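Enquirer: Please model the entire structure based on the sequences and the hints provided.
In the order they appear, the protein sequences are chains A and B.
FYI, the numbering for the first sequence is 3 to 424, going by this note's numbering.
FYI, the numbering for the second sequence is 3 to 424, going by this note's numbering.
If you are wondering where the hints come from, they were derived from the structure by calculation, not from laboratory data.
One or more of the hints may lead you astray.
For chains that are exact copies, the list does not tell them apart, and a pair is met inside one copy or across any two.
Heads up, simulated EDC-like pairs for lysine to aspartate or glutamate below, C-alpha to C-alpha not over 16 Å straight-line [stated by the list, open to error]:
1. LYS83 <-> GLU39
2. LYS83 <-> GLU64
3. LYS367 <-> ASP68
4. LYS83 <-> ASP68
Bear in mind that the values here come from a model prediction, so they are computed numbers and not experimental data.
2 protein chains.
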Amino acid sequence: MVNKDLIPKYWYNIIPDLPKPLPPPRDPPDAEFSRIELLKKILPREVLRQQFTIERFIKIPEEVRDRYAIIGRPTPLMRAKRLEEYLDTPAKIYFKFEGATPTGSHKINTAIPQAYFAAEEGISHVVTETGAGQWGTAVALAASMYDLSSTIFMVRVSYEQKPMRKTIMELYGGKVYASPTDLTEFGRKILKENPNHPGSLGIAMSEAIEFALNHNFRYLVGSVLDVVLLHQSIIGMEAIAQLDELGEEPDILIGCVGGGSNFGGFTYPFIGAKKGKKYIAVGAAEIPKFSTGKYEYDYPDTAGLLPLVKMITLGKDYVPPPIYAGGLRYHGVAPTLSLLIKEKIVEWREYKEEEIYEAAKIFMKTQGIVPAPESAHAIKAVIDEALKAKTEKERRVIVFNLSGHGLLDLGNYESIRRRVEK
Amino acid sequence: MVNKDLIPKYWYNIIPDLPKPLPPPRDPPDAEFSRIELLKKILPREVLRQQFTIERFIKIPEEVRDRYAIIGRPTPLMRAKRLEEYLDTPAKIYFKFEGATPTGSHKINTAIPQAYFAAEEGISHVVTETGAGQWGTAVALAASMYDLSSTIFMVRVSYEQKPMRKTIMELYGGKVYASPTDLTEFGRKILKENPNHPGSLGIAMSEAIEFALNHNFRYLVGSVLDVVLLHQSIIGMEAIAQLDELGEEPDILIGCVGGGSNFGGFTYPFIGAKKGKKYIAVGAAEIPKFSTGKYEYDYPDTAGLLPLVKMITLGKDYVPPPIYAGGLRYHGVAPTLSLLIKEKIVEWREYKEEEIYEAAKIFMKTQGIVPAPESAHAIKAVIDEALKAKTEKERRVIVFNLSGHGLLDLGNYESIRRRVEK
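Expert: This is the structure:
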């Protein structure tokens with residue numbers, strides 16, 4: 003039984019517990035306009051406040067906890083017993099299953115509070131952009147949960163290739179447009195140059211922000227920003243309570259990294275509570291930001307509309323190659339996570355997609371769940387750590403975040419199968 | 003935390019508790035071969051035994067309970083609080099969410115024990131047919147959980163229209179063929195007459211049975227037979243325990259009916275325990291078997307290879323129109339359920355798909371979950387009963403089975419949207 007009493011009452015903010023002060027966001031020196039001022043205009047007030055807070059624990063509003071209960075929080079913490087048996091490892095493997103939420107991933111955890119804070123200040127309409135559609139789906143659902151309208155600018159090429167994503171957003175009541183659109187000045191400019199422009203995440207985001215500004219709507223942000231990681235900490239807060247109930251002490255915590263929000267949301271509460279000995283962030287070898295990225299000020303968004311943040315980055319203009327885990331195609335690493343990696347508190351791994359696909363297949367056959375391709379990166383690291391525990395004959399407790407299921411990613415699975423197996 | 007201790011230890015068999023003896027399955031009088039003898043050759047021995055047992059409670063093997071834990075049983079019993087608020091009803095609405103299993107529906111509940119019983123007697127390979135793919139997916143996963151091979155004959159037209167279903171079955175390790183195939187005599191005969199034959203469930207089933215017979219494999223059966231309803235009783239057994247824990251006494255129990263396995267699995271334990279005042283079976287108005295079907299001996303399968311059973315039926319040769327809930331396109335009603343309807347212990351409803359679609363949308367916007375189109379039939383009846391409770395100012399407890407999610411049915415949603423909204 004889903005029980006609201008089991009839902010944590012606080013989000014955890016790692017900023018006061020970082021080993022060094024977090025370099026603050028800043029405006030580019032020669033900017034035409036202030037990104038920080040822009041942020042103030044487009045984000046719900048409370049989201050903005052939380053983005054810059056140094057409080058350690060932030061109370062989750064009851065109206066948000068109610069919605070967390072509706073989407074099935076706390077999500078299950080499951081033992082991967084058949085995976086352990088398959089690997090013949092002395093390690094115990096647990097996973098937190100964020101795919102148990104209706105939209106199939108962790109994204110909804112921050113969409114709900116952001117929509118709530120918009121509704122709270124009397125805003126009737128929220129706006130965002132989406133690439134593959136996971137974030138847009140979360141926003142459409144969260145908006146409907148507070149009776150808000152939502153508009154989603156979806157990258158045209160995804161809009162055409164992933165019609166089911168559009169369908170689900172519309173079923174939730176969202177208005178979905180293939181970006182570039184003629185609804186914004188920016189979109190009209192692009193279309194004038196190329197009426198068949200395939201769109202990009204940067205363009206869609208620029209349109210979403212312009213649209214929000216023009217109509218006094220609010221813009222919701224899906225990853226990377228500190229406030230998003232804060233909301234995602236619901237994952238780790240729950241996992242700590244669930245492991246406590248089992249009497250388990252975790253040794254190794256693992257998650258995949260696109261922008262860093264599911265990883266931070268899952269591991270930070272453990273880091274803050276000094277639980278665990280090793281934290282492993284897993285990325286895609288094809289987008290080698292951990293191994294080759296620089297730690298410097300860069301735009302978190304490809305449009306360059308958000309304030310500069312100090313992070314590990316391949317540069318905002320880096321174009322990630324197409325890989326089957328679309329959600330990992332991001333140039334940077336959330337600022338707090340970048341700092342924790344630089345300070346060697348968090349380790350990283352990078353794996354190639356062929357390895358990831360094999361790991362995903364092992365997980366499917368042993369545990370039955372089709373993992374999101376992104377989450378399968380965490381599984382690959384889990385398998386490696388479990389085999390290491392076997393070699394070293396150590397009964398370690400490994401816990402990972404299965405950030406989403408892959409039922410809406412079967413097309414991606416089909417294409418990697420064709421590449422790898424034929 | 004998924005906890006094996008919470009998984010029931012017994013399945014419930016309604017046969018000894020029926021108000022009248024169940025008319026036994028029988029062979030057609032002038033048959034070339036005995037269907038009952040055929041059943042003995044193709045079903046795992048224990049499945050056959052359970053098909054004909056009159057014991058009230060059947061112990062669930064520990065190896066099956068282990069796998070039930072792996073797939074996330076007990077599935078959650080959730081309160082539909084926002085739906086209640088939306089309807090402004092004094093009724094309390096709960097639902098059992100079978101979509102929480104990895105394959106997204108209740109089908110896996112019987113695939114697991116059937117695969118287990120095959121493995122137990124040393125069989126290495128199981129075979130079945132599938133239409134839209136839901137059952138085939140469950141069989142492919144269940145087989146992989148006991149290290150069995152699986153072969154699935156998929157109706158050609160679905161194979162071509164639903165490539166993602168093929169992908170998921172293959173990812174689980176299943177071999178999937180577009181039926182008619184050249185792997186069986188029956189298939190070759192059909193292909194000789196028409197090399198582009200679109201296939202049918204009857205043809206696919208005939209091929210699966212022939213294939214199983216020829217290779218001494220075992221055939222797994224997805225619905226209608228008593229043994230399938232027996233295994234599905236895990237749903238109701240769990241729901242009773244979950245409601246008990248909440249201190250709730252159910253008044254009305256509701257489920258949709260394709261063949262009857264999710265409905266029977268959910269409601270029979272309540273009927274047996276004399277819990278609940280009203281049981282409502284919901285079908286599609288486009289396939290009017292409750293309102294116009296006859297109660298007579300008929301084949302449960304369109305191929306006519308299984309023994310005749312007495313049931314409410316539109317006739318095995320009835321061709322259901324295409325509706326968006328593909329899983330309800332079945333000509334009959336499981337024998338035990340037919341008898342309970344005839345005896346007026348179970349009520350029925352039939353709704354049109356436009357009404358169903360509206361109910362599904364309400365559920366999505368209030369509870370966030372995209373329901374399987376089949377399960378949305380239950381939701382429509384729930385809404386009607388909740389509004390009736392409002393009119394009658396009665397605080398009733400309504401519990402329904404949400405037999406699956408609709409994330410793999412978004413294409414069906416898109417087509418009904420186009421029909422209804424444009």
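Enquirer: Hint by hint, note whether the structure agrees.
Expert: We went through each hint and held it up to the structure:
1. Neither within a single protomer nor between protomers do LYS83 and GLU39 lie at most 16 Å apart by alpha-carbon distance, with minima of 51 Å and 40 Å respectively.
2. In the homo-oligomer, the alpha carbons of LYS83 and GLU64 lie at most 16 Å apart only across protomers (15 Å), although the nearest pairing inside one protomer, at 35 Å, exceeds that limit.
3. With identical chains, the CA atoms of LYS367 and ASP68 are at most 16 Å apart between copies only, with a shortest distance of 15 Å across copies and 35 Å within one.
4. For a Cα distance limit of 16 Å, the shortest separation of LYS83 from ASP68 across copies, 9 Å, qualifies, whereas the shortest one inside one copy, 32 Å, does not.
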